[in-house]
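Chemist: The primary structure of each chain is shown beneath.
Number of protein chains: 2
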Amino acid sequence: MRRPISLTFGAMALIVSLVMLVAAVREGDAAQEKKAAPQIGRFESRSSVWGKHYPRQYATFMATRKSDRITDMLKKEPALVVLWAGYGFSKDYNAPRGHAYALEDNINTLRTGAPVDGNSGPMPTACWTCKSPDVPRLIAKIGEKDFFTGKWARHGGEIANPIGCADCHDSRTMALTVTREYLKRALDAEGSLKFADVGKEEMRSLVCAQCHSEYYFKKTPWKDASGQDKVAGVVTFPWDNGLSAEAMEAYYDERGFVDWTHKLSRAPMLKAQHPGYETFVTGTHGRNGVTCADCHMPVKSEGGVSFTSHQIGNPLDDMEDTCLSCHDSDPEELKAVVERKRERRDELSRLAMDILARAHLEAAKAWELGATEEEMRPALQDIRHGQWRWDYAVAAHGAFFHAPEEVLRVLGSAIAKAQEARVKLRAILAKYGAGDYEAPDFSTKEKAQALIGLPYGKLVEEKRRFLKGLRQQWIEEAKEKGIFDPASREGIEDKTSYQ
Amino acid sequence: MRRPISLTFGAMALIVSLVMLVAAVREGDAAQEKKAAPQIGRFESRSSVWGKHYPRQYATFMATRKSDRITDMLKKEPALVVLWAGYGFSKDYNAPRGHAYALEDNINTLRTGAPVDGNSGPMPTACWTCKSPDVPRLIAKIGEKDFFTGKWARHGGEIANPIGCADCHDSRTMALTVTREYLKRALDAEGSLKFADVGKEEMRSLVCAQCHSEYYFKKTPWKDASGQDKVAGVVTFPWDNGLSAEAMEAYYDERGFVDWTHKLSRAPMLKAQHPGYETFVTGTHGRNGVTCADCHMPVKSEGGVSFTSHQIGNPLDDMEDTCLSCHDSDPEELKAVVERKRERRDELSRLAMDILARAHLEAAKAWELGATEEEMRPALQDIRHGQWRWDYAVAAHGAFFHAPEEVLRVLGSAIAKAQEARVKLRAILAKYGAGDYEAPDFSTKEKAQALIGLPYGKLVEEKRRFLKGLRQQWIEEAKEKGIFDPASREGIEDKTSYQ
Numbered sequence: 001m002r003r004p005i006s007l008t009f010g011a012m013a014l015i016v017s018l019v020m021l022v023a024a025v026r027e028g029d030a031a032q033e034k035k036a037a038p039q040i041g042r043f044e045s046r047s048s049v050w051g052k053h054y055p056r057q058y059a060t061f062m063a064t065r066k067s068d069r070i071t072d073m074l075k076k077e078p079a080l081v082v083l084w085a086g087y088g089f090s091k092d093y094n095a096p097r098g099h100a101y102a103l104e105d106n107i108n109t110l111r112t113g114a115p116v117d118g119n120s121g122p123m124p125t126a127c128w129t130c131k132s133p134d135v136p137r138l139i140a141k142i143g144e145k146d147f148f149t150g151k152w153a154r155h156g157g158e159i160a161n162p163i164g165c166a167d168c169h170d171s172r173t174m175a176l177t178v179t180r181e182y183l184k185r186a187l188d189a190e191g192s193l194k195f196a197d198v199g200k201e202e203m204r205s206l207v208c209a210q211c212h213s214e215y216y217f218k219k220t221p222w223k224d225a226s227g228q229d230k231v232a233g234v235v236t237f238p239w240d241n242g243l244s245a246e247a248m249e250a251y252y253d254e255r256g257f258v259d260w261t262h263k264l265s266r267a268p269m270l271k272a273q274h275p276g277y278e279t280f281v282t283g284t285h286g287r288n289g290v291t292c293a294d295c296h297m298p299v300k301s302e303g304g305v306s307f308t309s310h311q312i313g314n315p316l317d318d319m320e321d322t323c324l325s326c327h328d329s330d331p332e333e334l335k336a337v338v339e340r341k342r343e344r345r346d347e348l349s350r351l352a353m354d355i356l357a358r359a360h361l362e363a364a365k366a367w368e369l370g371a372t373e374e375e376m377r378p379a380l381q382d383i384r385h386g387q388w389r390w391d392y393a394v395a396a397h398g399a400f401f402h403a404p405e406e407v408l409r410v411l412g413s414a415i416a417k418a419q420e421a422r423v424k425l426r427a428i429l430a431k432y433g434a435g436d437y438e439a440p441d442f443s444t445k446e447k448a449q450a451l452i453g454l455p456y457g458k459l460v461e462e463k464r465r466f467l468k469g470l471r472q473q474w475i476e477e478a479k480e481k482g483i484f485d486p487a488s489r490e491g492i493e494d495k496t497s498y499q
Numbered sequence: 001m002r003r004p005i006s007l008t009f010g011a012m013a014l015i016v017s018l019v020m021l022v023a024a025v026r027e028g029d030a031a032q033e034k035k036a037a038p039q040i041g042r043f044e045s046r047s048s049v050w051g052k053h054y055p056r057q058y059a060t061f062m063a064t065r066k067s068d069r070i071t072d073m074l075k076k077e078p079a080l081v082v083l084w085a086g087y088g089f090s091k092d093y094n095a096p097r098g099h100a101y102a103l104e105d106n107i108n109t110l111r112t113g114a115p116v117d118g119n120s121g122p123m124p125t126a127c128w129t130c131k132s133p134d135v136p137r138l139i140a141k142i143g144e145k146d147f148f149t150g151k152w153a154r155h156g157g158e159i160a161n162p163i164g165c166a167d168c169h170d171s172r173t174m175a176l177t178v179t180r181e182y183l184k185r186a187l188d189a190e191g192s193l194k195f196a197d198v199g200k201e202e203m204r205s206l207v208c209a210q211c212h213s214e215y216y217f218k219k220t221p222w223k224d225a226s227g228q229d230k231v232a233g234v235v236t237f238p239w240d241n242g243l244s245a246e247a248m249e250a251y252y253d254e255r256g257f258v259d260w261t262h263k264l265s266r267a268p269m270l271k272a273q274h275p276g277y278e279t280f281v282t283g284t285h286g287r288n289g290v291t292c293a294d295c296h297m298p299v300k301s302e303g304g305v306s307f308t309s310h311q312i313g314n315p316l317d318d319m320e321d322t323c324l325s326c327h328d329s330d331p332e333e334l335k336a337v338v339e340r341k342r343e344r345r346d347e348l349s350r351l352a353m354d355i356l357a358r359a360h361l362e363a364a365k366a367w368e369l370g371a372t373e374e375e376m377r378p379a380l381q382d383i384r385h386g387q388w389r390w391d392y393a394v395a396a397h398g399a400f401f402h403a404p405e406e407v408l409r410v411l412g413s414a415i416a417k418a419q420e421a422r423v424k425l426r427a428i429l430a431k432y433g434a435g436d437y438e439a440p441d442f443s444t445k446e447k448a449q450a451l452i453g454l455p456y457g458k459l460v461e462e463k464r465r466f467l468k469g470l471r472q473q474w475i476e477e478a479k480e481k482g483i484f485d486p487a488s489r490e491g492i493e494d495k496t497s498y499q
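These protein sequence lines map, in sequence, to chains S and Z. The first sequence begins at 1 in my numbering and counts up one residue at a time. The second sequence begins at 1 in my numbering and counts up one residue at a time.
Keep in mind the hints are simulated off the structure, nothing from the lab. There could be a bad hint or two in this list.
Chain Z is faced by these chain S residues, among others (derived, beta-carbon under 8 Å) [claimed, not checked]:
(1) Arg-342
(2) Asp-346
(3) Glu-347
(4) Leu-351
(5) Ile-355
(6) Ile-415
(7) Ala-416
(8) Arg-422
(9) Val-423
(10) Ala-427
(11) Gly-435
Examples of chain Z residues lying across from chain S (beta carbon under 8 Å, computed) [stated by the list, open to error]:
(12) Ile-355
(13) Pro-404
(14) Glu-405
(15) Leu-408
(16) Gln-419
(17) Gly-435
(18) Asp-436
When the alpha-carbon atoms are kept at most 30 Å apart in a straight line, the in silico DSS-like pairs for lysine-lysine are as follows [stated by the list, open to error]:
(19) Z/Lys-335 to S/Lys-194
(20) Z/Lys-495 to Z/Lys-66
(21) Z/Lys-468 to Z/Lys-458
(22) Z/Lys-335 to S/Lys-335
(23) Z/Lys-341 to S/Lys-341
(24) S/Lys-271 to Z/Lys-341
(25) Z/Lys-271 to Z/Lys-218
(26) Z/Lys-431 to S/Lys-335
(27) S/Lys-431 to Z/Lys-431
(28) S/Lys-230 to S/Lys-218
(29) S/Lys-194 to S/Lys-271
(30) Z/Lys-230 to Z/Lys-200
(31) Z/Lys-495 to Z/Lys-468
(32) Z/Lys-194 to S/Lys-335
(33) S/Lys-341 to Z/Lys-335
(34) Z/Lys-194 to S/Lys-341
(35) Z/Lys-230 to Z/Lys-145
Where is the CB? At the ideal position from N, CA and C, for every residue including glycine.
So here's chain S without its partners, still in its complex pose:
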């Protein structure tokens, strides 16, 4: 009667063993295929070249194009426009699409603006970092510090392929490989899993963690070959104190780091960037040794050959080969459980967004009425922390599933901080005769963008000019350099939220 069945934790040990077995089988396949295909160049960024040797993996990678819907998050949650006033995300922010669109979406978003040459802004080079296997190629060529120096448009002609094979694989061995050095530095700084101790299983999460993690652009002075002083903005994970919302918040506070100064509230803001790995490790799957690839890249079988699907997406779209490999459950029941997790997250997230938007608008009113820096500072610090925590909890789209309890905890503390700001602001408003001030209506994207003084029409117009002009030049440059892959663009329609 005792221990009739193996549940969760014990079961995970079994999963890990099975996964290792599968990994061994897969590697065997890869090794066989490798014999026939040793000709891929180092840092080959064109995935179609790899695809000739790994047609199944390539075909599934290309199937990420099926995830092609543009969901305008600013339209869905107009409070976001207020939250990000003065920052690129208030211009344009869509739910993510398949990996195959990573580069297109980065180039097309209003966030990256409309540069007219290699020196014009608004974004730094670091904004390419996670969009293309041309990034490790270019870093290998010019060095990391040089890569991270200058404006985004500087590398326009060099970054030609969307996320692909060379981002995670070593072309000589096909082994998983970390192509972004900053992840290695972050693991070593955090200390609980030094990069030197990383095993094969862990690599099945860490190649993802290269991009699905929180980062900032660390100002790093350096001298070029001619001895000239330069400053790089190096992608850096703020992991020195740990991976929790509070640990990273302390990291940023200790350094006085500010992503941007809020246009309305003038609060010294932080933007959380999809801390997916950080939240994942706190949840049930992460704690029990399940890796990203286990659920997002299931093993498939075709013509007697088993291979790893590279159609990375929502495991719930393919439950048969993902969840149900371990959970012997009714899939509809499992979906309902996940949906309830999402609803709980949405409820607290919407509360937090509404409260934070009001806080920004109330702070703007206080400034307008003559509040002083000294009066405002404590409230602005609360806004900084509240918004950071909210963003940490929701920016990584899967966190509500990977780590539902951690997400709800952090959202609860975000709400407390943001409301604390409003309590303080209310006293300031009252002091300046506006104790009953009510924030204006921000219930649609248009209203919210008007409120923050965003020249939306102008941004769209400039962007269109850029897409027809400089953008086309980049494609020609890439062709000349031999890095352009027609397959990566073939049949792709440029979809944006503003068309």
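With chain S held as given, fit chain Z onto it using these hints.
Modeler: Leaving out everything else, chain Z in the frame of chain S:
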């Protein structure tokens, strides 16, 4: 390779089958033992009488005495004193002890006061409802409405035994039985599980739900045998709209129900009373058909006889026979997971308590400065809702484990509401010239009780007089009535927080 192991949900189906098997075995035992012991009278409230026939069950029930530590929650969390100002819980509130102490603790707490005769207060008869098997006995004798009429002290000589056998078992068949009719009415009103459809498995949770649920005392007019008008305060579960915090809140709001008016803020308050069943059903164990008894009353074996342990307590104290029956895990790892759940709950609960206490004190200041009813109403409604939600989330001690996500969601919304009250109060305070008001120190039980004007020393003195006086009289009356069970008191020291 596919579905190598059965996890969580599927596994639960297996558990349910196994549990049913065990239930069948147990019933077989019971039937055998029953043959030898058909002599227990209906509504026999002395557990030692049952214990002669069921020595193992009785011995384990008596072992609940091992859970004997008094933890003064008001000392641990002084904000509670402020939260409950004007209500009994601000006088005395300890963490729960074993079932064997249920009656003692009810009689000894300062909450039940120091009545001097059967007509004196402060509490109504309903406060006995969950403390003793003398309750169903007395209800059978005088009727439910009569039982629920009058002051607590009225039944002092009739309620002599702590929670025991007759609370959950029918003495003629030994079957589990619902002895409190209000649970049947509540199930039928809620509708998702009508009492007529309840099966044996569900009874293994519902006998617990008789007491481990949210309730209030519903004013119910009735006429006695002589035609005289009376008003009963009938224990009622507010389940008509559902079991969630919001559904019950709406129930109370629709009826304008108020548990008490807060002494400081004058907010129309609700006190949540351990909604354990309600939160349990939303969590993983509840959704998968695990019952309360599966984890809190494991099957034990002694001399070849298997029986159900009646030492109801924390399953983590007996993991070998509880958690590890299903989870093939490292017990220390499981404990750590549960501990992290507790920490998350504690973090948000402490935030909520601090915020709510400040809100009450700020409201008190606003009244003091001359704020009007109309000005205060919206803030007081926010306090009502915020405190109710916090209390719903934490009052059932196991909820952080049974339903961690639901608990964190509700705490998040509690924090939002409570802070919203403070934003409104800040504007009122500012209007009356106290925009920078800071709530006074409530960091110890003593300071907090002084703040709310609680005459603690006097309450203790009166209580001692009651315990030496009327209380002793009740014991004599019970002896005369033949309902006093020496075994239920033998060796029990009267432990209280105020000795």
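Chemist: Of all the hints given earlier, name the ones this structure violates by number, lowest first.
Modeler: 1, 2, 26, 30
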